[in-house]
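Asker: Chain order of the listed sequences is A and B. For what it's worth, the numbering used here labels the leading residue of the first sequence as 159, then goes sequentially. For what it's worth, the numbering used here labels the leading residue of the second sequence as 159, then goes sequentially.
FYI, nobody ran anything at the bench for these hints, they're computed from the structure. Small disclaimer: the values here were computed from a predicted structure and weren't measured. Careful, some of the hints might be misleading.
If several chains are the same, the list does not tell them apart, and a pair holds so long as it fits within one copy or across any two.
The list that follows gives simulated cross-link-like pairs (lysine-lysine, DSS-like), each with its CA atoms no further than 27 Å apart [as the list claims (entries may be wrong)]:
hint, residue 1, residue 2
1, Lys482, Lys402
2, Lys262, Lys363
3, Lys234, Lys482
4, Lys265, Lys246
5, Lys402, Lys332
6, Lys262, Lys482
7, Lys363, Lys482
8, Lys246, Lys363
9, Lys332, Lys246
Protein chains: 2
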Amino acid sequence: MTRAFSFSVKAQDGAARTGVIATQRGDIRTPAFMPVGTQATVKAMFVEDVAAAGADIILGNTYHLMLRPGAERIAKLGGLHSFMHWDKPILTDSGGYQVMSLAKLRKISEEGVAFQSHLDGARVVLRPNRAIEVQCLLGADIQMALDECTPFPASRAEARVSLDLSMRWAERSKAAFEAMSAPGQALFGIVQGSVYPDLREDSAKTLEGIGFPGYAVGGLAVGEGHEAMLQTLEATTPFLPEDKPRYLMGVGTPLDILEAVAQGIDMFDCVMPTRSGRHGQAFTWGGRLNLRNAQYAEDLSPLDPESACPAAQYSRAYLHHLVKAGEILGAMLVSYANVQFYQELMARARTAIAGGTFADFVEDVRRRYAGPENTA
Amino acid sequence: MTRAFSFSVKAQDGAARTGVIATQRGDIRTPAFMPVGTQATVKAMFVEDVAAAGADIILGNTYHLMLRPGAERIAKLGGLHSFMHWDKPILTDSGGYQVMSLAKLRKISEEGVAFQSHLDGARVVLRPNRAIEVQCLLGADIQMALDECTPFPASRAEARVSLDLSMRWAERSKAAFEAMSAPGQALFGIVQGSVYPDLREDSAKTLEGIGFPGYAVGGLAVGEGHEAMLQTLEATTPFLPEDKPRYLMGVGTPLDILEAVAQGIDMFDCVMPTRSGRHGQAFTWGGRLNLRNAQYAEDLSPLDPESACPAAQYSRAYLHHLVKAGEILGAMLVSYANVQFYQELMARARTAIAGGTFADFVEDVRRRYAGPENTA
Chain A
159 MTRAFSFSVK
169 AQDGAARTGV
179 IATQRGDIRT
189 PAFMPVGTQA
199 TVKAMFVEDV
209 AAAGADIILG
219 NTYHLMLRPG
229 AERIAKLGGL
239 HSFMHWDKPI
249 LTDSGGYQVM
259 SLAKLRKISE
269 EGVAFQSHLD
279 GARVVLRPNR
289 AIEVQCLLGA
299 DIQMALDECT
309 PFPASRAEAR
319 VSLDLSMRWA
329 ERSKAAFEAM
339 SAPGQALFGI
349 VQGSVYPDLR
359 EDSAKTLEGI
369 GFPGYAVGGL
379 AVGEGHEAML
389 QTLEATTPFL
399 PEDKPRYLMG
409 VGTPLDILEA
419 VAQGIDMFDC
429 VMPTRSGRHG
439 QAFTWGGRLN
449 LRNAQYAEDL
459 SPLDPESACP
469 AAQYSRAYLH
479 HLVKAGEILG
489 AMLVSYANVQ
499 FYQELMARAR
509 TAIAGGTFAD
519 FVEDVRRRYA
529 GPENTA
Chain B
159 MTRAFSFSVK
169 AQDGAARTGV
179 IATQRGDIRT
189 PAFMPVGTQA
199 TVKAMFVEDV
209 AAAGADIILG
219 NTYHLMLRPG
229 AERIAKLGGL
239 HSFMHWDKPI
249 LTDSGGYQVM
259 SLAKLRKISE
269 EGVAFQSHLD
279 GARVVLRPNR
289 AIEVQCLLGA
299 DIQMALDECT
309 PFPASRAEAR
319 VSLDLSMRWA
329 ERSKAAFEAM
339 SAPGQALFGI
349 VQGSVYPDLR
359 EDSAKTLEGI
369 GFPGYAVGGL
379 AVGEGHEAML
389 QTLEATTPFL
399 PEDKPRYLMG
409 VGTPLDILEA
419 VAQGIDMFDC
429 VMPTRSGRHG
439 QAFTWGGRLN
449 LRNAQYAEDL
459 SPLDPESACP
469 AAQYSRAYLH
479 HLVKAGEILG
489 AMLVSYANVQ
499 FYQELMARAR
509 TAIAGGTFAD
519 FVEDVRRRYA
529 GPENTA
């Protein structure tokens with residue numbers, strides 16, 4: 159029997175909460191960080207190591223996968239889980255964000271968004287029902303309604319128009335999902351409204367009216383800055399149902415994440431651990447390290463003595479050498495260590511919330527990340 | 159107590175033999191294939207997987223390591239084994255071959271070879287005693303005498319001059335090794351002589367006169383072609399002591415290797431499994447596969463159903479996708495599968511020699527590698 163999608167909060171500490179999202183492919187402990195598996199791979203990592211790092215769920219990108227190898231092809235090959243040998247939950251985005259950031263000749267209309275593939279120039283139209291169809295073909299456990307990620311900055315009027323379109327698309331996405339999805343799958347709505355508190359409130363209430371098993375906050379981490387992001391989040395989360403998971407899309411640094419957890423966010427995704435890993439930037443319990451720096455050339459201390467990750471046991475000197483020499487193993491080891499650091503961060507956050515010490519934990523991490531290498 | 163370097167032949171089948179090289183860091187089962195770890199990493203592979211694939215020994219490149227991160231630095235950091243977390247034997251080349259293929263403004267004299275680093279243009283002189291010093295600083299278990307890899311083609315007169323220089327360097331290398339090496343380490347001499355049988359014989363005898371615990375055949379696989387390589391080998395191996403390991407440098411394809419084993423060669427190294435792996439070329443028990451080919455886009459069969467390698471269990475369709483998308487995971491998986499294929503090839507060769515069926519085994523592999531994708 160298919161296990162129904164559900165969410166339960168186990169403990170709260172202020173607005174921060176820890177709980178479990180139950181899915182047909184396993185439990186997701188929240189607050190959760192989802193490593194990004196853009197093209198059916200978490201970049202430079204064996205999928206076994208993504209699980210060993212502690213990830214309960216990964217994210218796949220609809221835009222990339224629909225263009226290559228194609229959603230119909232992945233379905234024919236048995237779905238995304240089987241294709242990439244990952245049997246835990248997968249969340250897919252709707253494709254809307256990456257159409258806007260990667261595709262050429264984009265044109266948004268009521269119908270959807272038309273664009274040219276960045277790979278071969280092919281003309282593609284992504285409509286709300288196609289976005290859901292693609293996610294169903296991939297076999298995503300958690301799917302996202304198609305939205306327009308309102309560009310930043312946007313005037314109030316522009317944000318209103320964009321938001322209203324996203325809300326109509328959310329409704330169409332839900333109808334498509336109800337027609338096409340498999341038992342146990344879930345569709346999340348996405349709150350927009352740029353940095354305008356009343357628009358965010360309006361969006362949250364509209365989505366709750368439509369009714370989703372989870373709600374995402376979109377349109378942040380798009381250049382508005384840390385303070386504006388937190389303020390917008392403050393104006394949004396109080397209007398999201400308490401008994402449903404809340405997902406802040408595309409965020410972020412360790413402190414961004416903890417500050418959002420403090421406001422009641424449950425789920426995160428970001429390319430930061432893997433992208434930084436490919437460029438020799440390490441996240442550790444001692445703060446951020448740029449392994450290219452000459453200071454590490456003869457540093458025999460392990461990358462992160464506090465981490466349990468096998469990759470973090472290599473010396474900084476060795477990793478410095480690999481990064482300087484452009485060796486793939488450097489990307490492999492630092493990506494693995496970073497993904498595991500993010501998972502350990504979430505695990506410690508969950509423990510702190512359960513123990514009622516979350517504020518102290520945030521201050522502890524703030525001190526660890528106060529060094530000179532910690533500017534993003 | 160340090161274990162002495164030794165070699166024992168366990169079984170012979172024609173000229174092919176199987177045995178064990180015992181070193182202070184463990185046994186090397188022969189015939190052995192050594193994956194190449196140029197810059198203190200077997201490219202795109204975790205070192206644990208190199209061991210899991212079955213490798214008893216890896217090769218490190220003196221030229222690369224002396225330039226970056228530097229031999230003195232590696233020594234200061236505890237030696238190459240500890241630096242890269244590989245505790246089994248390491249063989250290092252002398253650097254001579256790569257000076258000729260990579261460095262700029264090379265100038266060979268009686269003293270040694272002067273060149274400009276390909277990294278930063280620094281002026282470096284590699285003399286026989288410095289080549290040994292570098293290998294001792296790295297902590298290599300098996301070291302190679304500095305030689306000039308005679309370019310191909312070379313006239314008989316050129317080959318003679320080059321060979322004589324290499325023989326004088328071999329003598330100086332041995333003297334340096336005796337002065338500098340640690341207990342348990344071994345130095346091999348390298349036979350040169352281009353494609354001239356009498357020069358090869360002369361070189362082999364000269365080296366035996368100097369006396370080494372192992373002998374390499376150098377100056378092959380440099381453009382002379384498969385037949386000339388085999389003929390030169392036939393003119394060389396009979397003059398190499400039977401009770402010492404014989405190492406054919408830089409070879410080669412699966413069939414090159416088996417044909418050399420048939421002539422009595424015990425050790426091999428080649429970048430082919432890893433370099434091919436990074437370019438989507440797979441070696442399997444069904445022959446060579448170019449994973450970029452569109453024919454694999456929907457091929458759900460595992461890369462190599464006959465291989466025990468975890469990486470070879472992924473579908474060809476998935477690997478095709480990763481390779482086409484330029485994903486690092488594609489390089490990781492195909493490199494792992496290739497390195498393990500080469501190890502499985504050597505394991506089957508050892509079993510066949512012990513069982514007296516080596517000729518049949520070579521014919522079996524020849525049939526497997528007769529397909530259209532098997533041209534190098």
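Asker: Compare the structure with each hint and give your call.
Answerer: Hints, one by one, checked against the model:
In this assembly of identical chains, the alpha carbons of Lys482 and Lys402 never lie at most 27 Å apart, being 46 Å within a copy and 39 Å across copies at closest. Neither within a single protomer nor between protomers do Lys262 and Lys363 lie at most 27 Å apart by alpha-carbon distance, with minima of 33 Å and 69 Å respectively. Taking the shortest alpha-carbon separations for Lys234 and Lys482, only the inter-copy value of 19 Å comes in at or below 27 Å, while the best intra-copy value is 42 Å. Taking the shortest Cα distances, Lys265 and Lys246 never come within 27 Å of each other, neither inside one copy (36 Å) nor across copies (59 Å).
Only within a single protomer do Lys402 and Lys332 lie at most 27 Å apart by alpha-carbon distance; the minimum there is 16 Å, versus 74 Å between protomers. Taking CA atoms no more than 27 Å apart as the test, Lys262 paired with Lys482 passes between copies only; the shortest distance there is 21 Å, against 34 Å inside one copy. Taking the shortest alpha-carbon separations for Lys363 and Lys482, neither the intra-copy value of 51 Å nor the inter-copy value of 44 Å comes in at or below 27 Å. Proximity of Lys246 and Lys363 under a CA criterion of 27 Å is satisfied in neither setting, with 31 Å inside one chain copy and 63 Å between copies.
In the homo-oligomer, the alpha carbons of Lys332 and Lys246 lie at most 27 Å apart inside one protomer (24 Å), although the nearest pairing across protomers, at 58 Å, exceeds that limit.
Hints 1, 2, 4, 7 and 8 from the earlier list are contradicted by this structure; the remaining hints agree with it.
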